[in-house]
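What follows is each chain in one-letter form.
Number of protein chains: 2
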Amino acid sequence: MLANHYEQMLQGKSVIRELSEFATARGKEIGYENVFDYSLGNPSVPVPEAVTETMIKLLREEEPVALHGYSPSLGIPEVRRKVAASLEKRFGVPYAEEDIFMTSGAAGAIAHALRAVTEPGDEVLTFAPCFSEYFPYVNGTGARLRVVPANTETFQINFAAFEEMLSEKTAAVLINTPNNPSGIVYSTPTIQRLAEMLRKKSGEYGHTIYLISDEPYREIVFAGTDSPFVSEFYENTLMCYSFSKSLSFPGERIGYVAVNPACQDAAKIVQMCGQISRETGHNCPASLIQLAVAEHLELTSDLSVYETNKNILYRELTSLGFSCVEPGGTFYIFPKAPLEDAVEFCARGRKYDLILVPGDGFGCPGHFRMAYCIDTEKVERSLTALRRFVKEEGYFA
Amino acid sequence: MLANHYEQMLQGKSVIRELSEFATARGKEIGYENVFDYSLGNPSVPVPEAVTETMIKLLREEEPVALHGYSPSLGIPEVRRKVAASLEKRFGVPYAEEDIFMTSGAAGAIAHALRAVTEPGDEVLTFAPCFSEYFPYVNGTGARLRVVPANTETFQINFAAFEEMLSEKTAAVLINTPNNPSGIVYSTPTIQRLAEMLRKKSGEYGHTIYLISDEPYREIVFAGTDSPFVSEFYENTLMCYSFSKSLSFPGERIGYVAVNPACQDAAKIVQMCGQISRETGHNCPASLIQLAVAEHLELTSDLSVYETNKNILYRELTSLGFSCVEPGGTFYIFPKAPLEDAVEFCARGRKYDLILVPGDGFGCPGHFRMAYCIDTEKVERSLTALRRFVKEEGYFA
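Chains as they are written, first to last, in numbering that gives the first Met the number 0: chain D, 0 to 396; chain H, 0 to 396.
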């Protein structure tokens, strides 16, 4: 018999997949360049040439048995050391090799971090709007994910709702800043207040509440945005990183968990991640990829296009009448839909070849996400479609 | 609080790790070339140059955003198609793209296959001697692994013991041929009899018993050895493959699950593997690595050294008096220890700089494993140490 749990999961509809299928089919009719596909968070700028050259150099010059040999399950020691040193240098938190666990992207990082600090029956709290894949990551541990309603005025944390939902069952809090889908970066006061509340409640409940900080968009922060380093503010932070966005490398599946060394059990948590891998068959990202990123930890792709696109879209959307919190980073914007039903609004957008994602899947109905990791030229062309959409449907009239 | 289950796992001692640490430390004293380290199953021959050249070509010529972009969670469609076509061509089983799920090596493959076809409380049967990591793979699903005692005369399946242990709780049977640690390849009569028994018992119990066939050593089979393709004999086979040994590529973490298309739920099982990945954060092997192996599915490293080494060791061990079943493949040999306590025997071997692994961890005490994926020159030098060991300790005297 098949595992009932996973068989049931097949019933779930993926809204983004459906949208993507529509975009592909429509692209075949009118040319994909004419479909304004804002559905996918796939980076649109190339990996830096230096990373490509490093991979070629490794392939040309390293002894192949060593280069492609098994790496230890926590990651290649030299890679872990370099990641720790770079974090310490950039953010002042004294990470060491034993605090770093190399993973297959942020997905692997979050899944391991959650398994390390939760027990079946525990609760994990996160904040709307949030990435829909948080549900399977948490479900897989046997814990339960509860989503704190959004503060739709600012998309900072809704502390009143948060405090109400915290309880003795809360094992961990999962945040994502800069945020997918809102594009908002949690401010220093937000992180300070979060840390204070976690300390207070940890004391009250007599157990540590871990903070799992999902930071794949850390390097995509726009001019003038306050972007605090979360781990600096709360000792029991498990930071989950991915090079998918910073190096335009999502298919290569590389990231890490960095456990704040001030967390009492830092080294133990990293070792536990190794044990988790033994059960899930995760066992490390590819050696070549680990070695390549370790040479370029402080390099990014040319990420400026995302800020350019954000400026164009934010200006146009607000001038058309959309209510919208201005993104401080990422390549997403999350305006309020002019219909109560954002699913219906996005469906109507298809008539104008605008592929928009309703906020319902992010725990925030009534909003929609645009992923503007596309060419600026296409963003500009999409404005005409956007204007027609608003005018012909009579929004903001 | 930390997850108790994974914290407890940290208590487990790894015999192989201890041996490896001893070998490294001893290597620092006398030079690693003088330590006869037979402990690790890390391939000793390089990846074929053609694979390296393909990776360089992909890096030089492919559009980087596409090359390094997200791949679908089941694997890159073209890669899955090529894997299926190659299997059909070589083995006559008509696999198609939808039967293939790309994984991070055999570990990822086995962990996914087990999760797809077991429920908590189910039993999975395997045969001694077996790879020790089968325990965490099965434990992680909530099922229970039971090990059928070895037939130490041949290391083929002990069918009497197997039949006794089969029950309504048996959800899956996990085999590994060619076998780590015995080096034995299950013969056609063995696989036929296994298939017959699984069909008979599936009928009796009213549910399918899946066969999970772990085949990372499929390409390392020695002259004259009967090496049947397991899936051909039993329709409900989930074959787990890794390129780690055939291409000397273990650090790059690449393999697949191939579900026999005659299995009623083949395509569904593959889709379920994708859902499992969503929970564990597995999400595909690296794109570059998938694309590289897809160009060389029928190529292997020069694997002949393993047969050369096997011949030397088998001849020497048997002539010294060891009782030993001759390996038909892999790079392992699994002789009977001349002491009842193989742990003690292996500990004594260290005095002669021989690093041997006791069979206890493989569910087969009284035997020891030698991994002869080392240079032939070193194998030859080790014979003197082996002779001294036997003589000075008075074995077979």
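It is worth saying that the hints were derived from the structure and are not from the lab.
Note that the coordinates shown come from a computational prediction; the quantities given were computed from them, not determined experimentally.
Some clues are possibly wrong.
Copies of the same chain look alike in the list, so a pair counts if it fits in one copy or across any two.
Claimed, not checked - Below, a list of computed lysine-lysine pairs in the DSSO-like style, where the Cα atoms sit at most 30 Å apart: (1) K81 - K12; (2) K81 - K199; (3) K27 - K12; (4) K267 - K56; (5) K88 - K168; (6) K200 - K56; (7) K200 - K12; (8) K27 - K267; (9) K81 - K27; (10) K27 - K88.
Against the structure, the hints come out as follows:
Taking CA atoms no more than 30 Å apart as the test, K81 paired with K12 passes between copies only; the shortest distance there is 28 Å, against 41 Å inside one copy. With identical chains, the CA atoms of K81 and K199 are never at most 30 Å apart, being 34 Å at best within one copy and 56 Å at best between copies. For the identical chains of this complex, K27 and K12 are intra-copy neighbours only, at 23 Å inside a copy versus 58 Å across copies, given an alpha-carbon limit of 30 Å. Neither within a single protomer nor between protomers do K267 and K56 lie at most 30 Å apart by alpha-carbon distance, with minima of 35 Å and 42 Å respectively.
With identical chains, the CA atoms of K88 and K168 are never at most 30 Å apart, being 36 Å at best within one copy and 55 Å at best between copies. For the homomeric pair K200 and K56, neither the shortest alpha-carbon distance inside one copy (51 Å) nor that between copies (55 Å) is at most 30 Å. Taking the closest pair of Cα atoms, K200 and K12 never come within 30 Å of each other, the shortest separation being 37 Å inside a single copy and 37 Å across copies. For the identical chains of this complex, K27 and K267 are inter-copy neighbours only, at 28 Å across copies versus 52 Å inside a copy, given an alpha-carbon limit of 30 Å.
Taking the shortest Cα distances, K81 and K27 sit within 30 Å of each other only across copies (25 Å), while inside one copy they are farther apart (46 Å). Within a single copy, K27 and K88 get their C-alpha atoms no closer than 49 Å, and across copies no closer than 33 Å, so neither meets the 30 Å cut-off.
When the structure is compared with the earlier hints, violations turn up for hints 2, 4, 5, 6, 7 and 10 and for no others.
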